[in-house]
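Here is how the chains run, residue by residue.
4 protein chains.
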Amino acid sequence: MNKKLLNYSDYLKLEDILNSQKLKSAERGTPAHDEMLFIVIHQVYELWFKQIIHELDSVLVTFNKQSVLEPDVSLAVSRLNRIIEIQKILIDQVRILETMTAMDFLEFRDDLFPSSGFQSTQFRLLENKLGLLRDARINYGGKDYKASILEKEKQDVERSESESSLFQLLENWLERTPFLSFEGFDFWDQYSEAVRSMLRNEENVIRNNPNYSESEVEYHLKEHERAVSSFEAMIDPIEHEKLIDSGKKRLSHKATQAALLIFLYREEPILHSPFNFLSRLMDVDELFTTWRQRHALMVRRMIGGKIGTGGSSGHAYLKSTADRHKVFAELADLSTFFIPRSALPALPDHIKQNLGYHFKS
Amino acid sequence: MNKKLLNYSDYLKLEDILNSQKLKSAERGTPAHDEMLFIVIHQVYELWFKQIIHELDSVLVTFNKQSVLEPDVSLAVSRLNRIIEIQKILIDQVRILETMTAMDFLEFRDDLFPSSGFQSTQFRLLENKLGLLRDARINYGGKDYKASILEKEKQDVERSESESSLFQLLENWLERTPFLSFEGFDFWDQYSEAVRSMLRNEENVIRNNPNYSESEVEYHLKEHERAVSSFEAMIDPIEHEKLIDSGKKRLSHKATQAALLIFLYREEPILHSPFNFLSRLMDVDELFTTWRQRHALMVRRMIGGKIGTGGSSGHAYLKSTADRHKVFAELADLSTFFIPRSALPALPDHIKQNLGYHFKS
Amino acid sequence: MNKKLLNYSDYLKLEDILNSQKLKSAERGTPAHDEMLFIVIHQVYELWFKQIIHELDSVLVTFNKQSVLEPDVSLAVSRLNRIIEIQKILIDQVRILETMTAMDFLEFRDDLFPSSGFQSTQFRLLENKLGLLRDARINYGGKDYKASILEKEKQDVERSESESSLFQLLENWLERTPFLSFEGFDFWDQYSEAVRSMLRNEENVIRNNPNYSESEVEYHLKEHERAVSSFEAMIDPIEHEKLIDSGKKRLSHKATQAALLIFLYREEPILHSPFNFLSRLMDVDELFTTWRQRHALMVRRMIGGKIGTGGSSGHAYLKSTADRHKVFAELADLSTFFIPRSALPALPDHIKQNLGYHFKS
Amino acid sequence: MNKKLLNYSDYLKLEDILNSQKLKSAERGTPAHDEMLFIVIHQVYELWFKQIIHELDSVLVTFNKQSVLEPDVSLAVSRLNRIIEIQKILIDQVRILETMTAMDFLEFRDDLFPSSGFQSTQFRLLENKLGLLRDARINYGGKDYKASILEKEKQDVERSESESSLFQLLENWLERTPFLSFEGFDFWDQYSEAVRSMLRNEENVIRNNPNYSESEVEYHLKEHERAVSSFEAMIDPIEHEKLIDSGKKRLSHKATQAALLIFLYREEPILHSPFNFLSRLMDVDELFTTWRQRHALMVRRMIGGKIGTGGSSGHAYLKSTADRHKVFAELADLSTFFIPRSALPALPDHIKQNLGYHFKS
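Protein chains in written order, with our numbering: chain Z, 1 to 361; chain E, 1001 to 1361; chain C, 2001 to 2361; chain X, 3001 to 3361.
Next up, chain Z with everything else stripped away, as it sits in the complex (with noise of 0.2 Å):
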């Protein structure tokens, strides 16, 4: 009976949530307009971030497991389902803070040095658990960049660092993949031959290609060298391994197999939920990288070429980090080895059956 009943305003907290917005221009007597937005904004986007960290953290216990059951990984897909329905929003949302004019910002401005948004904890912590090495993010102002993550939050981050992050995760996952023992089945030696013969079928392509002069020829199989030694070394564990070892390939060889197989038969039912999981890992890297780019725009509108509020060039560092901190790009370049269906070895009726769904009737 006395038991208060729950209402909307106690359950969402939004006492706090709705009197978070401290405008420090007014603090100086003067409040500008448009800090109420560039505070409210910046606090949906850390709502967010919560959301997909709420998101990736489940994902990472489902793959830190022994064993990872096709209900796992389907339920895997849909979080990250959900992770990219919340990217698409924090893109578009850019356009409510375009609302926002150059002159506009100038007004509060100089009021929030030196806080950046290079002090998002969240951030940090999602490209960690994402997978993203320390040695790949672009440094700036030679500095770590945890210099600037506040001392108690720092732990955090340090932790996420330790971690087993996605790609981590995902490349144990694929490597132990039961369907990958083919046995019986040269799977590998028929695939690379197929590989082989399309690609001098496009060697063909540019020779023969009635358009182009003698330097264009020249120019294009250039270009297609590059593809025909990234074959080969995907095909060969030891290159392989090398370029691992110069930094310019991260995915373990029996991994990128696996990966492969997955794309390539992605028609049998047990392979679904493995297609649509590194499809949606794909995704993500996607709008992330599309997020950091319209950043990157709407920065360099906003402030030209003026230092950032926290010190750094903003606009040129999100740039460059927009394809550098790309965590799963070697799942997208694995197109570039996809052959025809037509062209694809026939998987013997043994091992068809292993992948099929049992149905005892």
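These are computed hints drawn from the structure, not numbers from a lab. Yeah, the Cβ is synthetic: ideal placement off N, Cα and C, and Gly gets one too. Fair warning: there could be bad hints in the mix.
Said to hold, decoys possible - Mimicking DSBU-like on lysine-lysine, the simulated pairs with C-alpha atoms at most 35 Å apart in a straight line are:
| no. | chain 1 | residue 1 | chain 2 | residue 2 |
| --- | --- | --- | --- | --- |
| 1 | Z | Lys319 | X | Lys3143 |
| 2 | C | Lys2088 | E | Lys1319 |
| 3 | X | Lys3013 | C | Lys2022 |
| 4 | X | Lys3013 | C | Lys2154 |
| 5 | X | Lys3222 | Z | Lys143 |
| 6 | E | Lys1222 | C | Lys2154 |
| 7 | C | Lys2088 | Z | Lys13 |
| 8 | Z | Lys242 | Z | Lys254 |
| 9 | Z | Lys319 | X | Lys3248 |
| 10 | Z | Lys13 | E | Lys1022 |
| 11 | X | Lys3254 | E | Lys1352 |
| 12 | Z | Lys24 | E | Lys1152 |
| 13 | C | Lys2024 | X | Lys3065 |
| 14 | E | Lys1222 | C | Lys2146 |
| 15 | E | Lys1319 | Z | Lys88 |
| 16 | E | Lys1249 | E | Lys1088 |
| 17 | E | Lys1013 | X | Lys3222 |
| 18 | Z | Lys249 | X | Lys3143 |
| 19 | E | Lys1254 | C | Lys2319 |
| 20 | Z | Lys319 | X | Lys3088 |
| 21 | X | Lys3088 | C | Lys2088 |
| 22 | X | Lys3248 | Z | Lys222 |
| 23 | X | Lys3319 | X | Lys3254 |
| 24 | C | Lys2319 | E | Lys1222 |
| 25 | C | Lys2013 | X | Lys3146 |
| 26 | E | Lys1024 | Z | Lys13 |
| 27 | E | Lys1065 | E | Lys1088 |
| 28 | Z | Lys319 | X | Lys3146 |
| 29 | Z | Lys13 | E | Lys1319 |
| 30 | C | Lys2013 | X | Lys3022 |
| 31 | C | Lys2146 | E | Lys1319 |
To be verified - Beta-carbon label-pair distances, calculated as ranges:
| no. | chain 1 | residue 1 | chain 2 | residue 2 | range |
| --- | --- | --- | --- | --- | --- |
| 32 | Z | Asp156 | X | Glu3214 | 27 to 33 Å |
| 33 | E | Arg1196 | C | Ser2215 | 47 to 53 Å |
| 34 | X | Ser3164 | E | Glu1267 | 22 to 28 Å |
| 35 | C | Glu2161 | E | Gly1247 | 41 to 47 Å |
| 36 | X | Asn3019 | E | Gly1247 | 50 to 56 Å |
| 37 | C | Ser2197 | X | Asn3019 | 58 to 64 Å |
On the provided structure of chain Z, position chains E, C and X as indicated by the hints.
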């Protein structure tokens, strides 16, 4: 020297913001993964509502002044543009919530009882500030809409009922716009005749449509009669007054005329900002309608015909408000009375000059 | 050697595509700038309708087979996913058309008479292929919807009326899904009891809600009774049949059961694709509803209460179809009968095994 | 009486439009389901390009006149707004194409050889009309970009190279805008001093940042120096001229000043439309950049490092054009030189009056 340097986390009060997600299902000992999303998205909605109110308040202050200057109207347009960009996100982010399925929601739905979105104080404020009338509200469950608002917040909502709404301020402003006084030019007479001729033409189109059967002609003529009488009511101040008395119209006759003039002669430089202002108001109205419709669809799929957590059948309520809670529908309906530029009475030169920029050189 | 090399322009037949914009206003000698947009956007809509029909036809062929295998369902999900992405664009691009104002439209509106969007053959095909029944169509102006279709295209539309629609093929497929035969497990009894207990609980919630006045309790109990009788009707094949006879339901009792099972036990691997298929069908339905609603709002603003170019009051028609022309609403409404996983009857092991992947190792 | 009544299908030339999808894979006897999408989406892109060119041409005509009046600028803003809404759709509909996977594309990719998106005449026209210089184009494969255009369309593209582009017309208009002649007010001097003071302040911020190590201070000072010298170059017509000669800048000194003034004093009524015009140009530029980036990401995923159907490594080309093919980047960069309103030299009253509306009453 000792002054603590501002950092991102403190500036945005992230400690409060990011620790305000307390899962009710976790209190029971069985945390539901998706309750986090449910909380976060509603907090994001409330943050955006706060921002919309911030912009709306600024427009209200501007239009509450004795004289509204051109830069005021132009600034109001910017504020509305921002609201519009926010509304687009409010609609699009329903897709994020839709990644939660009906079965997932059931995992924690009972924990929310009896709290409900009905209790959003900010949304009520927003509706009142726009100008939604108490009597125009869909009455649900035979209870005043304020009954579900927390006691301490009721005062704010009551005040918003009694203060001048955007609808009222718009009406006042339209009624006193100087460019309505077309001395020496009988605009209203000439315009009336032009419309009547257009309507006669449309009647002919129906009567002589070779595709129509007799019953169709009859059917469409009935439709057309409604247009005619609605036009006559607009022309005639007394008829217009009657419609207002019977609750079928709300905007005064004089304001309606002014709005119509702005639409018809929007090419005149001095009418640019007024035209943009009216257009943006219609956008805001439409986007809230779309938001309610999207919301209703989502709720239907989530709970079907179940009783909402707050005790209402949420989907039906939301759907019924979509059209009924429009505030500026009469602006959109004015297009009924538009006539082609070619048929439009030409403005005499002395008036045209008054409506243009005057640049001394 | 002589073979003409394929080029982009010929491949896409751009000479035809880009010379198909003939402004009627130009024939009169006064080209209206915005008529180009009007033509182009409608051509884009029709191209996308063609693509949707292409995808839909492929799904229809698949489900018309004697036995639908898992990869078939999974492929159908991909096809629907594409339709969904197209639908989102159909909705969003209304914003492009809205850059044309009502006054701009008037410049060429009379030139279009009496052509009208009613005459879109492809949209009728699309509705019929989805499964919209002739009798469920809003009858506008007392005339069959096919009356406005061109003679030479009428045959296609008639055929689409008589061929198996997606609704019918879905129903057939649901009725024969093997995983419905839970031998030795009285699912339906156990499930019924679980729902009844849930509904009793909801009744208590209403009766004992301390916030409710007597009249409110009465009000909500009436709402609840509807839920109870709709549930009883679903449980009881005879009641269900009556609802079908009276036109209140359409999906057969057996198919309804199967759909419900898929929703409730979607975690089982073999039910993934069926669950995704049902979910995407609801998405398609919702998105067409949203499209109709957006369209209606836009038309209202464009022509107000005017008679449409085809002789109908377009806005009212479009609005009325938004909900009525839904085909898969009964799937969305099934959530009324969902119960929490914790309350769900557990599947016996021998059934669970049948629903999983069987991987020989 | 005998006159054939206009119908939807004839008006839109649907017979041509909907019969222009000829699958190359079908000619081989093995129709690839996804080739339909590939054709349709490219046709949709070309239809939108046509519409963009239609709007752009109208803006070009307007700005080619001897005197550009306020309503002209305002109309140009409307035209650009429409282009912007179209661009958003161009970007978003990439998602539709992404429902085609790399493996699906391989089914018909070879059939397309050697046609390629490079051959889109309309996109070249569009770039030239905006003002992309021949020399600024990424040269790919050592060949002029027109080499891939069909012979019969080459003339159009050549003409677009020689006609006044939007960039040039903008420059001319900016150079002659009357509101630049601030007689009796030494704006440029006062503004220069205000910026120099702001830059000195920023230097202090770097030197005295307690967070910076010595090397960081050095690093950021170097960044800052670039800002200073870029500012001095802007102030000094001779330095500016040098940058133009060296290809680092393009917009004339006088036009740059005018643009800056418009940004800084955009609150003045007469500057509203000019400000909106510059802002929309930046939007158009940004959105094409975003479109190229999205396109590049999509192509990378689709073909990886493969050679494009037209013989180029498409993804790398697209990515490199994203930033380089911007036309109005100098407008966005002007924000580098913005200063807060409070620091802005106040306009003398006699100038302010000239910039406002003059309303005789």
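Hints versus structure:
no.	hint	verdict
1	Z:Lys319 with X:Lys3143	holds (29 Å)
2	C:Lys2088 with E:Lys1319	holds (21 Å)
3	X:Lys3013 with C:Lys2022	holds (9 Å)
4	X:Lys3013 with C:Lys2154	holds (17 Å)
5	X:Lys3222 with Z:Lys143	holds (16 Å)
6	E:Lys1222 with C:Lys2154	holds (29 Å)
7	C:Lys2088 with Z:Lys13	holds (34 Å)
8	Z:Lys242 with Z:Lys254	holds (14 Å)
9	Z:Lys319 with X:Lys3248	holds (20 Å)
10	Z:Lys13 with E:Lys1022	holds (9 Å)
11	X:Lys3254 with E:Lys1352	holds (33 Å)
12	Z:Lys24 with E:Lys1152	holds (28 Å)
13	C:Lys2024 with X:Lys3065	holds (27 Å)
14	E:Lys1222 with C:Lys2146	holds (23 Å)
15	E:Lys1319 with Z:Lys88	holds (27 Å)
16	E:Lys1249 with E:Lys1088	holds (28 Å)
17	E:Lys1013 with X:Lys3222	holds (34 Å)
18	Z:Lys249 with X:Lys3143	holds (33 Å)
19	E:Lys1254 with C:Lys2319	holds (31 Å)
20	Z:Lys319 with X:Lys3088	holds (21 Å)
21	X:Lys3088 with C:Lys2088	holds (13 Å)
22	X:Lys3248 with Z:Lys222	holds (31 Å)
23	X:Lys3319 with X:Lys3254	holds (33 Å)
24	C:Lys2319 with E:Lys1222	holds (19 Å)
25	C:Lys2013 with X:Lys3146	holds (20 Å)
26	E:Lys1024 with Z:Lys13	holds (12 Å)
27	E:Lys1065 with E:Lys1088	holds (30 Å)
28	Z:Lys319 with X:Lys3146	holds (30 Å)
29	Z:Lys13 with E:Lys1319	holds (28 Å)
30	C:Lys2013 with X:Lys3022	holds (9 Å)
31	C:Lys2146 with E:Lys1319	holds (30 Å)
32	Z:Asp156 with X:Glu3214: 27 to 33 Å	holds (30 Å)
33	E:Arg1196 with C:Ser2215: 47 to 53 Å	holds (51 Å)
34	X:Ser3164 with E:Glu1267: 22 to 28 Å	holds (25 Å)
35	C:Glu2161 with E:Gly1247: 41 to 47 Å	holds (44 Å)
36	X:Asn3019 with E:Gly1247: 50 to 56 Å	holds (54 Å)
37	C:Ser2197 with X:Asn3019: 58 to 64 Å	holds (60 Å)
Comparing the model with each numbered hint stated earlier shows that all of them hold.
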